[in-house]
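K.L.:
The primary structure of each chain is shown beneath.
There are 2 protein chains.
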Amino acid sequence: MGIARRVYRSFGFSPIDTPALEYSEILLGKGSDETDKQMFRFQDQGERDVAMRFDLTIPFARFAAQHIGQLGTPFKRYHIGTVWRAEKPQKGRYREFIQCDFDTIGTDSNASDIETLFVIHDLMEAIGFTGFTIRVNHRQLLNGLLDRHSVVDKSVGILRALDKLAKIGADKVIAEMVDGVGIEKATAEQILEFAQLSGTPASILSDAESLIGDNERGQVGLTSLKELFETCRKVGIEDDRIALDVSIARGLDYYTGTIYETFLSDLPGIGSVCSGGRYDNLAGLFTKEKLPGVGASLGLDRLLAAMDELGLVKTASTPAQVLVAMFDGEKMAEYLALGRRLRSAGISAEVYPQARKIQKQFQYANRKGFRVVVIAGSREFEQQVWNVKDLELGTQTEVADADLAASLHGILSR
Amino acid sequence: MGIARRVYRSFGFSPIDTPALEYSEILLGKGSDETDKQMFRFQDQGERDVAMRFDLTIPFARFAAQHIGQLGTPFKRYHIGTVWRAEKPQKGRYREFIQCDFDTIGTDSNASDIETLFVIHDLMEAIGFTGFTIRVNHRQLLNGLLDRHSVVDKSVGILRALDKLAKIGADKVIAEMVDGVGIEKATAEQILEFAQLSGTPASILSDAESLIGDNERGQVGLTSLKELFETCRKVGIEDDRIALDVSIARGLDYYTGTIYETFLSDLPGIGSVCSGGRYDNLAGLFTKEKLPGVGASLGLDRLLAAMDELGLVKTASTPAQVLVAMFDGEKMAEYLALGRRLRSAGISAEVYPQARKIQKQFQYANRKGFRVVVIAGSREFEQQVWNVKDLELGTQTEVADADLAASLHGILSR
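Those sequence lines, one after another, are chains A and B.
When you line the first sequence up against this note's numbering, it's residues 1 to 414, in that order.
When you line the second sequence up against this note's numbering, it's residues 1 to 414, in that order.
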């Protein structure tokens, strides 16, 4: 969460928070039948019908509709917050979970679409993932192709048929589109050809263009994606970090432009860990003002499960790196004073609160993951030195009181 | 919240989180009649009787009772989290608010009491308050005095009478203690004398000792406070930052030892912004294991109201300091690339997403509180320079592309 916060802020996204409870009418019917059923909903003490938010997007839409006049556009916000769904809990899926959303609203500039990809990229790198691919698509590519063949009204059936490709094979998909959905065989073949395009972004875009032709909707998607991939090349984003995948669709109704999914090379099976896209109108349910935007959401619980599996989660359970052992209870003030001195020097330090057996204190230090233990008994106090034990290297050195902070800085920065 | 997090961590407190919803039986009867009534409580989809937490202490007690075996002691945790109470909302008092708690449990060492005071002190300083006083007391001082006179069983009535001191005056308080509560006049006079002690911590402690004598309970409090104030002196905490105030009591039943309240010199009327104390047994309601501890809680909403009143809240609404203006839409990739370069150099930078009129972009920059705007048009791109406009000083300079990051670092660190 700290990393997400830092990356979002570095792009100028401001934090906002909204209440956990919203009036139920704000949330009902905005997600799916499922989210309606999974809402924790009740009457409060004032007999208001309220519910706990099931995502951060609907509350943001409500917030934007109410406040966009004061906020002005473009408006960039991030929100790291808890949401609730009465689901059946399973691995990486909980009734309470945290979403990390960021969105730019009030602009339809492609610059924001490209920047959204930058944010996802920088976020994944900052977390420590080396192998990941952001798959990008644009909703208007397929729409343009369907529009060219005047079959936009049959898109639901066509998409349903395409979804079965892996299971039933190309011939049967074409048969279903022709016999079931009722489109021309030549059209069905072109749609299938489009859905199977692969290769470099440039080659896919060139192939897609020959299928879509000069259809206006399709050209919107082609132009946007061309600019996106060219800009990524110019700014030096590595080729294997981004891909054009015409098969991703993401929540059919909501998104209208660029869409993003992010997969880990070492754990593709876990699904997308950061997804999003461009929408035409965020707050349309709450206001007449049109608020286009683009954003994405980091799936924190899924990501943590993945990081755990990849060994990226450190097990240290203390945020401090130095433990000041309490060897002699009579000298409590000295140990506490040392803690203060180290903190003033920018070193996080915990002082063990009791003069228990020193072995117990070392056990504590090891279990909690401290890097260094600092000890002094009567001899050390007399000579104004400290015993510095490096738990990682297993070494012990005597350091003069005046040099202690510098010495610890040296150990901790190694 | 970021500052609280940093200070807590520097002392070795680990973050924990607990769910917003607890079984109602966990929360009921643990606060007061009021908190019971103010709970947002309902039946979930599985017909479980659940409620939203009204503080972070009871859930921590439940958590500690369940997990202390794995956690081990001492255990230091902080928790910055949202809590809910169906109160009548008023200034600085909301139905949803954030608490910032920290506690050390599993030790009765006075070192932890003293460190709790250090945490409050460092936190207030880190937030930016210069004038504040942490008022300290110990529950066993008054208890010791009452015990010495064998009137502990009458403490409720005695405290009620003492509470009226400012309103009704000394004579009437003594009369109430004698006639209403039924204690000896000499005892009542000593209790009143104790309650009115003032001066330096050392003088109060000396006066208190002559009243309390060698009563065992009272001596516990005296010894603990003596060590606390002596240690504060040794480690160099300024005298005006701490005071001994025998009149503070804080939640009569819960605390058993040292207690803390923190007042702002410029806004004493707002009440304590950071309060806490030592308790004998945190998790007694949930486990047989005895878990003594000490901690405090930062009242974030009250503190923010105070900071707002004292002009300590900055109004900038962007976390980025540099706005890259988009002068020429054709050069979008260049502006986006510059944003990336600046971020790599550790400078938070937002790129304006559209080539709108430059005045509009400056309006945006001023409204959001950006410090610097960076601009380039065709001439600048040709000459590989950027126009750097310092919004605070109102100056504009031309900087070579290669020197830009260094130049901005210079401006931002001034």
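There could be a bad hint or two in this list.
[Unchecked claim] Taking lysine-lysine pairs in the DSS-like style, the calculated list, with each CA pair at most 30 Å apart, reads:
no.	chain 1	residue 1	chain 2	residue 2
1	A	K226	B	K164
2	A	K357	B	K288
3	A	K360	B	K167
4	B	K331	A	K234
5	A	K167	A	K185
6	A	K389	B	K234
7	B	K234	A	K357
8	A	K389	A	K91
9	A	K290	B	K164
10	A	K234	B	K389
11	A	K331	B	K88
12	B	K331	B	K290
13	B	K226	B	K314
14	B	K288	B	K331
15	B	K368	B	K331
16	A	K360	B	K331
17	B	K331	A	K226
18	B	K164	B	K88
19	B	K154	B	K88
20	B	K360	A	K290
21	B	K88	A	K226
22	A	K172	A	K185
23	B	K331	A	K331
24	B	K389	A	K331
25	B	K331	A	K290
26	A	K234	B	K314
In short, the hints are calculated from the structure, not lab data.
Just so we're clear, the structure is a prediction, and the values are computed from it rather than from any experiment.
K.L.:
Hint by hint, note whether the structure agrees.
P.N.:
Hints and how they fare:
no.	hint	result
1	A:K226 to B:K164	77 Å, violated
2	A:K357 to B:K288	26 Å, holds
3	A:K360 to B:K167	54 Å, violated
4	B:K331 to A:K234	11 Å, holds
5	A:K167 to A:K185	20 Å, holds
6	A:K389 to B:K234	26 Å, holds
7	B:K234 to A:K357	26 Å, holds
8	A:K389 to A:K91	40 Å, violated
9	A:K290 to B:K164	60 Å, violated
10	A:K234 to B:K389	26 Å, holds
11	A:K331 to B:K88	50 Å, violated
12	B:K331 to B:K290	67 Å, violated
13	B:K226 to B:K314	40 Å, violated
14	B:K288 to B:K331	69 Å, violated
15	B:K368 to B:K331	24 Å, holds
16	A:K360 to B:K331	64 Å, violated
17	B:K331 to A:K226	15 Å, holds
18	B:K164 to B:K88	27 Å, holds
19	B:K154 to B:K88	34 Å, violated
20	B:K360 to A:K290	20 Å, holds
21	B:K88 to A:K226	55 Å, violated
22	A:K172 to A:K185	12 Å, holds
23	B:K331 to A:K331	66 Å, violated
24	B:K389 to A:K331	56 Å, violated
25	B:K331 to A:K290	27 Å, holds
26	A:K234 to B:K314	37 Å, violated
The structure fails hints 1, 3, 8, 9, 11, 12, 13, 14, 16, 19, 21, 23, 24 and 26 (numbered hints given earlier, in ascending order).
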